[in-house]
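*Asks:* Given only the sequences and the hints, what does the whole structure look like? Please build it.
Here are the chains, one letter per residue:
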Amino acid sequence: MTAPRQLHIKFFAALREQAGVSALDVTTSARTPAELYAELTATRRLTLPASLLRVAINDRYAAMDTALQTGDRVVFIPPVAGG
Amino acid sequence: MFELTDQPIDSAAWRARLERPDAGACVVFEGWVRNHHAGQPVTKLEYEAFDQMARLEGEAIASEAEQEHPGCTVLCVHRTGSLPVGELAVWIGVASAHRHAAFLACRQVIEEIKRRLPVWKKEHHPGGAAEWVNCTTEATTGRLAPENYYARQVSLPEVGAAGQGKLAAASVLVVGVGGLGCPAALYLATSGVGRLTLADAGKVEVSNLHRQVLFTADDVGAAKSTVAAARLRAQNPLVKIEAHAADATPANVRALVAGRTVVLDCTDNFATRFLLHDACRFAGVPLVSAAVYRFEGELNVFLPNAAGCLHCLWAGRAAGELEAVANCAGAPVFGPAVGVLGLMQAAETLKLILGLATAGDGQTTRLVNLLDGSAQSIERPTQPGCPVCGHPLASLAAVPGPAHVPVTGAHSSRVSPEPFSPNTLKDPIVLEAGELAALGPLQTVALLEAGESLDADSAPAGAVAVPTHDLPRIRELAAQGPTVLVCRHGLRSAALARLFRAEGFGKIYALAGALPAIRARTTAN
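Going line by line, the protein sequences match chains S and R.
Just add 563 to wherever you are in the first sequence, counting from 1, and you've got the working numbering.
Just add 97 to wherever you are in the second sequence, counting from 1, and you've got the working numbering.
Quick caveat, the hints were computed from the structure, so don't treat them as lab data.
Values in this document were obtained by computation on a predicted structure and should not be read as measured data.
Please note that a few of the clues may not be correct.
[What the hints assert, rightly or not] These stretches of chain S come out as covered by chain R in the derived footprint (C-beta under 8 Å, 3 or more residues):
| # | region |
| --- | --- |
| 1 | 566-578 |
| 2 | 619-633 |
| 3 | 637-646 |
Beta carbons are placed, not taken as given, at the ideal position from N, Cα and C, and that holds for glycine.
*Replies:* In structure tokens form, the structure reads like this:
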């Protein structure tokens with residue numbers, strides 16, 4: 564088992580409404596954004612499928628299997644709709 | 098530059114910031130809030146942004162457009178907050194010396210915003226209902242969902258979801274965005290190759306347009322890689338297309354081919370062909386190479402660990418010498434011939450990624466002739482002791498210095514325990530008529546395709562006509578003494594001469610170019 568890590572999560576748009584909060588600090592054993600989202604869907608009743616989401620770590624797009632580090636700012640990005 | 102604001106956008110003020118005396122064009126795009134979407138009335142839009150990241154991404158989008166379209170100034174501003182119908186949501190302005198670059202850059206910015214700017218909008222309908230655009234079930238089955246885009250390809254048993262995944266994970270480099278590179282890149286993009294890089298330092302010329310199908314008359318003068326990349330992004334927004342406005346050179350070739358799944362040689366010169374071939378071999382990347390001469394084309398797949406490389410194929414001829422007789426730059430070319438060969442390159446590339454390629458694909462030269470409709474596969478020669486492919490890959494990778502064999506002296510100074518025989522090294526295969534005459538008496542063997550005939554009056558004295566496919570008969574004739582092979586276009590004769598040379602015939606040659614005495618029956622009128 565790897566040691567649990569502290570992460571800062573922010574939610575936007577549809578995910579913010581589903582999560583009921585716009586920011587959340589968690590301590591988790593999830594190693595990647597994919598594992599973290601799976602954990603959140605259970606605890607926060609998020610209904611957007613993971614296949615629709617992208618993730619930003621520390622304000623940059625990253626892969627869903629990137630290794631998370633303690634202190635990372637993680638934002639799941641629902642399908643964008645700018646313009 | 099890029100800005101995010103919760104205040105109304107003053108488009109006139111933004112436009113004034115673009116003014117510069119050398120600009121001859123200004124293209125502006127405005128995105129407005131409209132009163133309907135997908136058949137539903139809309140009363141207002143609520144924009145939400147992931148602020149700090151949106152600023153970073155927006156700035157990156159604007160500066161990428163300025164880099165890819167040199168000379169353009171890009172300004173962009175995006176709204177957040179609650180916007181009524183008719184309000185300006187996004188404003189993009191591009192100033193440039195000429196209109197074409199400005200149109201391209203402006204288009205690129207709005208498409209990239211829609212693809213990656215972390216901004217969302219909530220649509221409000223009369224009566225209070227509201228929904229986040231693109232986050233409902235409608236979006237999951239949207240018209241550009243991968244499962245729809247590739248549906249007719251994924252349903253091939255040879256592809257399937259697993260194969261489509263392999264394509265999405267693939268990284269392919271296309272060197273040369275011309276007659277071969279345009280159709281090859283087009284089909285690789287539409288097939289879903291995840292990352293496609295287009296390398297070409299050239300600009301679009303009017304004389305390119307008859308065969309380089311990604312370019313339009315408006316593109317003349319613009320960088321080929323940039324125009325092609327923009328065109329392919331529009332064709333398939335699901336894949337990543339990168340423009341690299343430079344040719345492959347000894348300085349950049351290692352970095353260009355590193356980590357690629359497959360590399361395509363769509364160039365028209367031997368120097369680059371040898372360079373790419375050697376860099377791919379050292380990097381362990383398959384190379385799919387094609388060349389066209391008028392109505393005919395030749396396709397070779399070079400696998401990094403297989404014997405029978407480009408140096409074996411052109412045994413004894415350095416790139417510099419080959420340029421003189423077989424360089425295609427500026428040569429006459431039948432448009433569909435480069436089209437067909439470019440698509441064959443795309444097909445071989447997809448087969449390699451999908452695991453559908455056979456060992457034979459990497460060991461044969463495939464010849465196609467659009468004038469007589471013939472196609473032929475010839476086993477590629479292997480030169481024992483070839484300094485490039487006759488050694489294990491590991492020992493090659495350890496060789497210091499640039500990853501290519503110098504183009505002059507194709508067999509390089511690299512020490513080989515079993516060098517080519519002096520005969521193979523010093524005896525060129527494809528020769529001009531004058532060089533052939535200097536070799537002394539040679540028997541002429543004219544290779545004929547179906548429908549071709551040898552005109553006895555204008556043919557060299559004693560010339561024997563043999564069907565191209567009759568390899569045993571050609572072997573028999575070659576065994577009788579020094580022989581020169583000729584054909585109607587010069588490609589088959591060169592390929593067969595190389596083959597027989599590899600079989601051990603020391604005195605077999607090919608005439609560079611066509612033998613006019615070989616006629617096609619169809620030209621009777």
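*Asks:* None of the hints should be skipped; say for each whether it holds.
*Replies:* To see whether the hints hold, each was checked on the structure:
1. 566-578: With 4 residues close enough to chain R, the hint holds.
2. 619-633: holds (count 4)
3. 637-646: Result for this restraint: holds, n = 8.
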